Structures are given as C-alpha cells and as structure tokens.
Amino acid sequence: MSIQETNQLLRFTTAGSVDDGKSTLIGRLLYDSKSIFEDQIEAVKTSSEKKGFDYVDLSLLTDGLKSEREQGITIDVAYRYFATPKRKFIIADTPGHIQYTRNMVTGASTANLAIILIDARKGLLEQTFRHSFIASLLKIPHVIVCVNKMDLVDYDEEVYQKIVKSYKDFASKMEIKDVHFVPISALNGDNVVDRSNNMKWYEGPTLLYLLENVHIASDFNHIDCRFPVQMVIRPHTHEHQDFRGYAGRIEGGIFKPGDDVKVLPTGFTSKIKSIELDGEAIEEAFSPMSVTMTLEDELDISRGDMLVRPNNVPNVGQDLDVMVCWMSTNSLRGRTKLILKHTTQECQVMVREILYKVNVNTLHREEGVEQIGMNDIARISIRSAKPLFFDAYRRNRQTGSIILIDPNTNETVAAGMVI
Amino acid sequence: MAQYYLSHLEELEAEAIFVIREVVSQFEKPALLFSGGKDSIVLAHLSKKAFYPSRIPFPLIHIDTGHNFPETIAFRDELVKELGVQLIVGSVQKSIDDGKVREETGANASRNALQTVTLLDTLEENKIDAAMGGARRDEEKARAKERFFSHRDEFGQWDPKNQRPELWNLFNGKKHMGEHFRVFPISNWTEMDVWQYIQHQNIALPSLYFSHQRDCVVRDGVILAKSDFIQLKPDEEIKNLTVRYRTCGDMPITGAVESDADDLDKIIAEVATTRTTERGTRADDKRGETAMEDRKKSGYF
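Chains A and B are the protein sequences, given in the same order. When we follow the numbering used here, the leftmost residue of the first sequence carries the number 42, and every step to the right adds one. When we follow the numbering used here, the leftmost residue of the second sequence carries the number 734, and every step to the right adds one.
To be clear, the hints were calculated from the coordinates, so they are not data collected in a lab. The structure displayed is predicted, hence computed values, not measured ones. For every residue, glycine included, the Cβ atom is placed at its ideal position computed from N, Cα and C. Warning: the hint list may mix true and false statements.
On the chain A side, residues computed to face chain B include the following (Cβ under 10 Å) [what the hints assert, rightly or not]:
1. Ala84
2. Tyr120
3. Asn254
4. Val255
5. Ile257
6. His277
7. Glu325
8. Met330
9. Met364
10. Cys366
11. Thr385
12. Arg438
13. Gln439
Straight line, CA to CA, 25 Å or less: simulated BS3-like cross-link-like pairs of lysine-lysine [stated by the list, open to error]:
14. B:Lys781 to B:Lys894
15. B:Lys782 to A:Lys314
16. B:Lys827 to B:Lys782
17. B:Lys999 to A:Lys75
18. A:Lys75 to A:Lys86
19. B:Lys781 to A:Lys297
20. B:Lys894 to A:Lys92
21. B:Lys999 to A:Lys127
22. B:Lys781 to B:Lys814
23. A:Lys297 to B:Lys782
24. A:Lys312 to B:Lys999
25. B:Lys827 to B:Lys860
26. A:Lys127 to A:Lys75
27. B:Lys959 to B:Lys972
28. A:Lys203 to A:Lys241
29. B:Lys762 to B:Lys827
30. B:Lys762 to B:Lys814
31. A:Lys314 to A:Lys303
32. A:Lys206 to A:Lys163
33. B:Lys814 to B:Lys833
34. A:Lys209 to A:Lys163
35. A:Lys314 to B:Lys781
36. A:Lys241 to A:Lys214
37. A:Lys378 to B:Lys908
38. A:Lys427 to B:Lys908
39. B:Lys762 to B:Lys908
40. B:Lys894 to B:Lys908
All chains should be modelled from the sequences, with the hints used to inform the complete structure.
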C-alpha cells in the first residue's frame, strides 16, 4: 500500500455559538478554499432571503437538520470537509453552549486540533474556559486560539496581547501542550487564509497556514505496541487451507514481521510471520493502519485479545478510575451496572463510586455527589467483569478510552478516559 | 528515521476497513447496499481488502427500481461474479405488483421514494441487521449529521435528533429485536477522495461515468437521459449531447453533465474545478429543502 499523493489528514474541532462567529469562520475557510459549491451557496441565499435576512447567513450551510434551521442553532455535531493542496481537513463543528457539552466531547474525541474562538471585544468568557477544558480533557494535541472580531476593536494590538496573556495564565492550569494564537476577523478574512494588511504588527502565521503546517505525524503513539484483535480471518479455501490471520487496527507502536509478540490475556508468545492487507506485504505497521497479521505459531486468539511486545505490556486489570462525560438524561448513581466497550472488548461493568464531579466552568471538584446528570464531567471508579488491557488516556487515546452503554436502552451513556 | 504517517487516502481506507470489519464482528447478518454507483463500488472494493484471503462474508443487496441504466446492471453482474459474493435483488416492480406501493404519476414521476418500501421489505425478508451503504457526509446537509453506525427503529426510521454519540472508534451496534443499523464506512470521504482512490486502486467503473454521446432531454436545467421511463412534455425535445454522470441513480431522475472527460485524470481535473455538488444533478433532492432528511427519516438510504 503506497498512495503517492501524500496529503495528510487533519481533524479539527470548533466549538462556539453563533455569536462568536464560528459559522462565519467555517464559512470563510470553506469559501476561501473554494470548498463551497455554487448550488450550496444558492440554496443558502434562497433560505436567507426567505427568512428576511439582508445578508447571506453562512450558518445555514452548517446547520443541516430541520429543527436546527427552525431554531437557528447547531444542536448536533456536523462534519465538514475541505482540502488545500497540502492537507485534507475534517471539521467537527459542535455547538458551544454548556447544554451541549456531550457534543463537544464527541467532536473532540477524534480531533488532532481544536480551534477556540474568543471575541476580541469580550475577552475570556466562561465558555472559553469550558472549551479549553474539554480540549485538555480529551487530550487534543494542538490548540489554536483565534482572537476574532479584531475589526471591531480597530485591530488594536494591545487588546490582542492582553487576551493572549490572560489565556496563557489560565491555560497553565490545564494540560494543553501546543497552543498558538492568531488575531483574525472571520467576517473580513483577516489572517484566516490571507495575511491581514490591517494588523502589520502581527508577524505570526495565518490560521490556514497553521492548519496546514502543524506537526501531526507524532500525534499517534508510535512507542507502545498495541494491536487489539478485531476478528480472525480463516478462509478455509483450498488455496489458503491453513491461513489464520488476525485482523485489526494498530493502536500504538510499530510492528514488523519477525517481532516477538505476547498475546493478552493468555500470555503466550510468538513471532509475527507476516503483516499484510489484501495479500500485499507490509514492512512496518503503525497507527492507525488496518492490517491482517499472521503469527509463526498456532495460538488460540480471538476478538478482544491484544497483541503487544513482551517487554512493553499495558495495564491488565478489572479496576479502573475513569473521567467520564455523562451523556444521558437518565442520571448515574453508584452501584449501577452498565456495558463497557474498550478497544475490541466488551463486557459488563459495575460503577462502584462517583468520586467527584468537575465544574467545567471553574475546574472545582465537587465531592460527595450522589449522582451525575447529562453533560456532567466526573471521576468514577468502575470494576469490569473481565480483565481489560488498557493504558492511561494521556499515553494513548485509543487504548485509554471507553464508552459505557445502558443495557436497557442500548444507548451510549458515557465517554470515559482512563486515568 | 522513516516518517510514520499515512496519507489522507490511506487513513480514510484504514478507517473504512476498520468499520467494515466491526460490522461483521458486531452483527449477525450484515449486507452491503449496492447501487451500482461509484461509492458502493468503492465499498465493495474495500470489503474485499478487509477480509482477504477470505471472500466477502456478506451479500450485496441491490434495490432494482426497474429504471436502472442497463450499464449499471451489466456491471453489477460482472462484479458479483468476480468477487464470488451472493447477490440479493429487491424489486420495486414486485412491490408495485404486490400492491404495497403505488407508482407516482405525472411528468416528474419517479420510483425513488418507492424504493424505501422495497428496501425495508428486502432487509426484513433476509433478516439483515446491518445494511452498509456508500453514503458520504459531504453529499448533503442531512447526511453531514449521520453517524457511522446509524440506528433504525423497528419501522426502519431514522431519528436525527436522538442519535447515539459516536466517540473515538468505539462503535455501539446494540439494538433491540426488529431494529437494524445502517452503516456508512466511507462517511468521511469526499467526492474527490473517492475519485482519487478509484484512480489509485485502479477500480473499474460502469461506462456511464465517462464521457459518451447520449440522447437527452433538458428539464429544469437537468440533463436527463432519453428512456422509456420518461415522458416528454410538449415543449421538450431530444438532443444528442456529450455527457457523463457524476452519480448513478435511476434513469428518470439522475442528471448528466456535459463533459469531455473520458478518463480518470480528466474526471479528477473536472471534479477539482467544478462548482456544483454532485447531488446538484439529482431531481430527487430538489423536492424541498429537507427532502433528504425527510426521506432518510422514513428509512431511505
């Protein structure tokens, strides 16, 4: 497998409300990168006119559902796509209001980068804090803080520098590694795609330049080898009588034929005989590749098992502390039984205790809470019915994440990050 | 040190293969909804890669409206033979004959909406619990909100306001009796990605996608192929045009574009500069602002 047009894929999330210009910014990125089609623009113009607006409301591009259009708000996560010659981008566009924390968490779970919008006139708000906290909680590797509406503060450098300073002060309380700042006007396009003539004092890159050049190759863990087996491929055909392949996605490290591997939970060891896809040999397999592996020995391996290196094994255990975002209208209390999904494993879990709830606006811990509700972020301890093979979420976003499912409704009720 | 990262096409391929394998692992009787269009052809190709050297472990389902392009049917039969996979055909004509649906009348009549009934019946008859499709989020605004694993209730309906959150790559395919899932492994692909992938993987396509001469009628700005299924209005006339198709739906509702692009390089160049969406040629989407959302809610693709 070697696809030569090596454009990288960058997934980023934006959180915000209509007021802070999020839709305008997305509209600007799509429009200036020529990713909006004429018939889409026509449809939006028609809708804007119907609603009696004297401007083209670009948020109509992103608000897809009837109920969203009626209410003029983004409810759900919407995915948008655009590409430049350098990269292809997937935007997870999420609503910014506190009641949609779960949607922000959803959008953030797969993102390499978060754009946080600050209105230059208003400075840091509660929601800036919330969005940054979610970015740090979900370990989004890169954050770009866009100080927007610079046109409304006369492109004043002092206003911008003040906001940058206060953001840095409060970001130091959170784990955000790679933060960039850009002063922009999404409405006029200053520093979005093209450099602004109105802010000569700003010598940094434009937003698009950052999106195109942020170093994302090391966002995946290439150190700890983790291969959760998704399924076993046994063709039973004459030609491939004895073929036994383990299909799955590499969730960490670099695997090569000849490597020693250990199988969890059995503890058996073997060597990798081949790594392939569609019959084509792969020399080195790394995250997030989907491959099929064969081993030198015939072992009893099935879905949910994990191949690792003998000298680098994940935690194996049934007791976990997890930060969860609760996503259901039915609240959670201690001693509740749920279904857990983690890598390719699934099993019952018991929620033993709610340790504390986090106030997403202040980061204060509220201890002694009896229950948590929709959009709450809390630390809980759980016990699983069988051993799980996991890493801390900060170490590996794939082997450190879980979802919880209500066995009665089958709904996904929580997203969890292993501490 | 070598660079350990994937190109966007490789990452999209890896994601789609992961999703397809997850479907086979989580469901008892999955199937691939095969329209004969490029997206479902790419899906069949990805399925082959996902399970090699095993054969694709699920059937292809084709909902035959009876209004298909003959090229599509010929291509379908060839591909099924090549992949060695089972084909299930659901016939809209049969649903009409059985009195389950009534054919639309009038100049713009189509069997597009009727397909939903045939589709749901076919899924039920064959006890399909997960139907994979080639829909993409960039196609249409309601589809932009679609999940990879999309839950359908016992009536086959989609409830867009009450969708399960989808986090990381942990997919929840749990359901009650009688419910099913639609799964969209190439959700994150754009039209351009699909074309680039087809070119890179050298995937065969029906001849409709390439420039050819065809007798057409232009209706409301849409170029429709002359066929037995379309009635001319008094002021309309048949013209011979050089066209190709960007999507592959039913003959009476799928618009062609005038184009000289007769190979993949030219098509990709055309896609790169084109200023309308591919569904812009679909009369079925022009029945109202939320035409797609409304159809999807009732069980459409």
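For each hint given before, does the structure comply? Return the numbers of the non-compliant ones in rising order.
3, 4, 9, 14, 16, 24, 33, 36
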